[in-house]
Amino acid sequence: MNAAEPLARRITYRDALRDALREALLRDPNVFLMGEDIGRYGGCFAVTKGLLEEFGEARIRDAPLSESAFVGAGIGAALGGMRPIVEIMTVNFSLLALDQILNTAATLCHMSGGQCSVPLVIRMATGAGRQVGAQHSHSLEGWYSHIPGLRIVTPATIDDAAGMLKAALAYRDPVIMFEHMNLYNMQGELTAPAANVDIERAIVRRAGRDVSLITYGASLFKCLSAAEQLAASGVEAEVIDLRTLRPLDQQTVTESVQRTHRAIVVDEGWRSVGIAAEISARLMEHVFYELDAPVQRVCSVEVPVPYAKHMEEAALPQVAHIISAVEAMLAHDK
Amino acid sequence: MTSEFRMPTLGPDMESGTLVAWQVKPGDTVKHGDIVAQVETDKGVIDVEIFAAGTVQKLLVEPGAHVPVGTVLAQLSGEEPTDVTSAVPERINEIEPARVAPAAALPTLPPAVQKRQKISPAARARAHALGIDISRVTGTGAGAVVTLEDINRLAVRSAPATARPSADQVHDMRRVIGKAMSRSKREIPHYYLSMDCCFSKARSWLEQHNSSASIEQRLLPSALLLKAVALAAHALPDFNGYYKDEAFVPSSDVHVGMAIAMRGGRLVAPAILNGDQKSLPAIMSELRDLATRVRAGHMRATELALSTITVTSLAEEGVGSLMPIIYPPQVAIVGFGSILEQPWVVGGAVCVAPVIAISLAADHRVTDGRAGARFLRHIHDALQAPEAL
Amino acid sequence: MSALLESEITRERGLHLLAQMLRIRCFEDRCAELYSAGKIRGFLHLYNGEEAVAVGVMQSLQPADAIVGTYREHGHAIARGIGMRKLMAELFGKQAGCCRGRGGSMHIFDTATRFYGGNAIVGGCLPLAVGLGLAEKLQQRNGIAVCFFGEGAIAEGEFHESMNLAALWQVPVLFVCENNYYAMGTALERSEAQPSLLAKLSGYGVRAESVDGMDVFAVEARACDLTNFVRTTGVPAFMEARTYRLRAHSMYDPQLYRSKEEVKSWEQRGPLITLTRRLKDMRLMVEEDFLRLQQAANAEVDDAVQFAEQALPEPVEDLQRFVYAEGAP
Chain W
2 MNAAEPLARR
12 ITYRDALRDA
22 LREALLRDPN
32 VFLMGEDIGR
42 YGGCFAVTKG
52 LLEEFGEARI
62 RDAPLSESAF
72 VGAGIGAALG
82 GMRPIVEIMT
92 VNFSLLALDQ
102 ILNTAATLCH
112 MSGGQCSVPL
122 VIRMATGAGR
132 QVGAQHSHSL
142 EGWYSHIPGL
152 RIVTPATIDD
162 AAGMLKAALA
172 YRDPVIMFEH
182 MNLYNMQGEL
192 TAPAANVDIE
202 RAIVRRAGRD
212 VSLITYGASL
222 FKCLSAAEQL
232 AASGVEAEVI
242 DLRTLRPLDQ
252 QTVTESVQRT
262 HRAIVVDEGW
272 RSVGIAAEIS
282 ARLMEHVFYE
292 LDAPVQRVCS
302 VEVPVPYAKH
312 MEEAALPQVA
322 HIISAVEAML
332 AHDK
Chain L
84 MTSEFRMPTL
94 GPDMESGTLV
104 AWQVKPGDTV
114 KHGDIVAQVE
124 TDKGVIDVEI
134 FAAGTVQKLL
144 VEPGAHVPVG
154 TVLAQLSGEE
164 PTDVTSAVPE
174 RINEIEPARV
184 APAAALPTLP
194 PAVQKRQKIS
204 PAARARAHAL
214 GIDISRVTGT
224 GAGAVVTLED
234 INRLAVRSAP
244 ATARPSADQV
254 HDMRRVIGKA
264 MSRSKREIPH
274 YYLSMDCCFS
284 KARSWLEQHN
294 SSASIEQRLL
304 PSALLLKAVA
314 LAAHALPDFN
324 GYYKDEAFVP
334 SSDVHVGMAI
344 AMRGGRLVAP
354 AILNGDQKSL
364 PAIMSELRDL
374 ATRVRAGHMR
384 ATELALSTIT
394 VTSLAEEGVG
404 SLMPIIYPPQ
414 VAIVGFGSIL
424 EQPWVVGGAV
434 CVAPVIAISL
444 AADHRVTDGR
454 AGARFLRHIH
464 DALQAPEAL
Chain C
309 MSALLESEIT
319 RERGLHLLAQ
329 MLRIRCFEDR
339 CAELYSAGKI
349 RGFLHLYNGE
359 EAVAVGVMQS
369 LQPADAIVGT
379 YREHGHAIAR
389 GIGMRKLMAE
399 LFGKQAGCCR
409 GRGGSMHIFD
419 TATRFYGGNA
429 IVGGCLPLAV
439 GLGLAEKLQQ
449 RNGIAVCFFG
459 EGAIAEGEFH
469 ESMNLAALWQ
479 VPVLFVCENN
489 YYAMGTALER
499 SEAQPSLLAK
509 LSGYGVRAES
519 VDGMDVFAVE
529 ARACDLTNFV
539 RTTGVPAFME
549 ARTYRLRAHS
559 MYDPQLYRSK
569 EEVKSWEQRG
579 PLITLTRRLK
589 DMRLMVEEDF
599 LRLQQAANAE
609 VDDAVQFAEQ
619 ALPEPVEDLQ
629 RFVYAEGAP
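Protein chains in written order, with this note's numbering: chain W, 2 to 335; chain L, 84 to 472; chain C, 309 to 637.
Check each hint, because a few of them may be wrong.
Stated by the list, open to error - In silico EDC-like pairs for lysine to aspartate or glutamate, Cα to Cα no more than 20 Å straight-line:
id: 1; chain 1: L; residue 1: K126; chain 2: C; residue 2: D561
id: 2; chain 1: L; residue 1: K201; chain 2: L; residue 2: E232
id: 3; chain 1: L; residue 1: K201; chain 2: W; residue 2: D293
id: 4; chain 1: W; residue 1: K167; chain 2: W; residue 2: E303
id: 5; chain 1: L; residue 1: K114; chain 2: C; residue 2: D337
id: 6; chain 1: L; residue 1: K141; chain 2: L; residue 2: D117
id: 7; chain 1: L; residue 1: K201; chain 2: W; residue 2: E286
id: 8; chain 1: L; residue 1: K141; chain 2: L; residue 2: D125
id: 9; chain 1: W; residue 1: K167; chain 2: C; residue 2: D337
Derived from the structure by calculation, the hints contain no laboratory data.
Start from the sequences and build out the full structure, keeping to the hints where you can.
Here is the structure:
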């Protein structure tokens, strides 16, 4: 995909990712992929379909079920001059590689006094909503965002799926990219050239004046949907797509709340000790005097995500929860 | 040449150890690497080696002793000690408090889209409870934030809820008043003047005026006093305004606050706005209305916030002169004592006349005694020509 | 060449190897002293007794090879050519240290010599070695990756995963297992159902050999053999070096798990004594040679200590530097 191709075309989130991977492989011979079932199987979510046939086994490497080893190998290969893109099938399995991610990838640069940097990209599917049960439904973006040394990005839109990978490869730091599994089939327009995507800024996806809905990942669309419904009753919600959880773009969030004076953070992680709590604390620090109401959080209920459909729905943040939170916040003022 | 053998540190969290046994005695020769003692730690007994060579001179610590790391355990003579053991070790891991990195600076924020008063949620809630209009309040917190204290200071001059204040509320109010008064005494260099004033002309005039007036139109001495102060304040603006940020700003309007102490510890000072321009009947009517509303607890924020000078009166108590405390940020307060029959000299002869003591406490940063005397003279003279008020 | 012939041992070679081992021994002994005096802090894991492994293996490596190790890596760092000044300054926590004082004893890094740490997590370096080897292979370079680890790491899942991955993807890594029989305080038989490492390795399809880790010539010979193998075939190999740790696991270890007699008997079989005795028997050296080399080593250590003492600490203002790589993307 080069700049001469028409930009406004309709593709899926999955296709956008695949195109981005393909472009990276074409552009730089040191880029290679590692992960479980990314080659012959075509990828658990079909993101890497066709890449093995095009680029061969040396560069599209099917890994055994050894998360720690192949993530560590990704780090070692990055130290050795390669640009590996490691796919961990889902965030749920990443825990097996947590030692390599936290104790090696995140720490090496600082601990070596700046000698070693780890230009490694790790892609992970994340999130819940398909009745796949507790061990397959985690949202751990907040956990990972706690760790200095990592960059954490959460592409929600087609443009970001298309462009964030390229942006990540321009850095020499470990970047973890979270792809919500419900987004792979999403269709949309590719509107921005990939070259323009940055991974350090949040974006206001919908302007509003009554409340700021601050979110990331698939929850973005729930917020947009809630905003649309609220508009019908005269409430204009501003929706911010954080896009990067580490570093967090404080400025965009601050400016928004200065306009609206009310903030609700929508986060699919569990409520306590999560990224929503971090954003709430920052809002208190930066815009305390602009707030007309305490910051609210709409998050997952603190239970392992259940299988039964109605229970799973009740456990996760939904559009209705967001709307209720906004209404309650506005009523409080009266 | 003596060298010292000290209790070593053997682990990151070892602060002390117990000497279990010596492996050497005075007179023994030791070389680098010899085990000379056994030390007990949390983990168990560890053989401790010596890093110097020489002859043991003296064992300074007995087996069984529990000593901190670094304690000298024995003395040796012989070889030059190595630099390491004799030098005072630099504690490289000690954090020097002065060198802790400063917290990352807050990012520069773009200007707020709309101009918005900053008020803490607590202050806002209290203002709401008291019926205070916060848009008129200037905050004293950093960045002009309106704080709880700002609201409480105003509350000192207003009546809170209609019911008799509870003991807690009284306590709170006293505390707030006390705080305000302490601050005033601390920060404002008060000077005090007093002038006795013969009230007979004013009284005659009042009696005459009231004899032909209906009950609602009757005037009380307080109206005269208040008007006299307002006129003086208008004529001598150095007593009428606010002292802020180390400068005095005179006010073009004269709003005279009437300090009213009430039962239950309440202290209010609502203002008669533009007192210098109002007629005596108007002032009287406002005073009456004020009294009613003060009792009922319905004060308006502007009344509480806008006094440019205050008058306090203990007319009922039999007190002569007062030495009142200025309400910051004002710069003067006038006190009226009781109108008492006293000996007075008229035309060289002593008679009995109604005399009122007028007291002035003023801010010496703005005026001095000479000006103060002029101010009192102005009031005095006004009361000698009540028909002109 | 699978065994070193006596005719191939020369005085020059012997004294060179002895000197390297003495440099490590003197450095480590000095660290013990400095630690006891509070100059070196945190955790300290000394290499006394295992010098022949690091020195022997390093003889077989080239500058382009990549090395990873454990928290007991001073010896490997010295043998690889990282200067003592940089090392000692790092232990003192000074900016002139190889990692600006940020790593300390367990995290020695030196990219100039392709020394990638220094790792406090047992088994943590194994996947890194696989990745470093993979990088050599994919970029079609001639280097290999060498991974030093203790036998305790074999219990970690990462050992199994890394051996499998290296063998499966045919990655040029030499895995050097320093079997000193104790993982901290736990003897090998108490943690492995199958205590024979070679028996364990046979399941991976990786060439695996064992060597007497106290004999530096034997280690050197075996290492040359195996690194040549890895270099030419591009597949991994495994070397067990049977050795012994003469000092405690770390400074704060009362060694309740092994007897003093056992330690003493190993002291008599240590690498320095072993080499010295052999060279003397072959009339290739005399005691004066030993003393001379020891003096030179101590002088080098003295210089390093002085350098470290005088070096400045990193400014606190730099605390947040290098969280990310510097320089705009």
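For each hint, the structure was consulted:
no.	hint	in the structure
1	K126/L <-> D561/C	7 Å, holds
2	K201/L <-> E232/L	14 Å, holds
3	K201/L <-> D293/W	11 Å, holds
4	K167/W <-> E303/W	35 Å, violated
5	K114/L <-> D337/C	14 Å, holds
6	K141/L <-> D117/L	17 Å, holds
7	K201/L <-> E286/W	14 Å, holds
8	K141/L <-> D125/L	27 Å, violated
9	K167/W <-> D337/C	51 Å, violated
Of the numbered hints listed earlier, those contradicted by the structure are 4, 8, 9.
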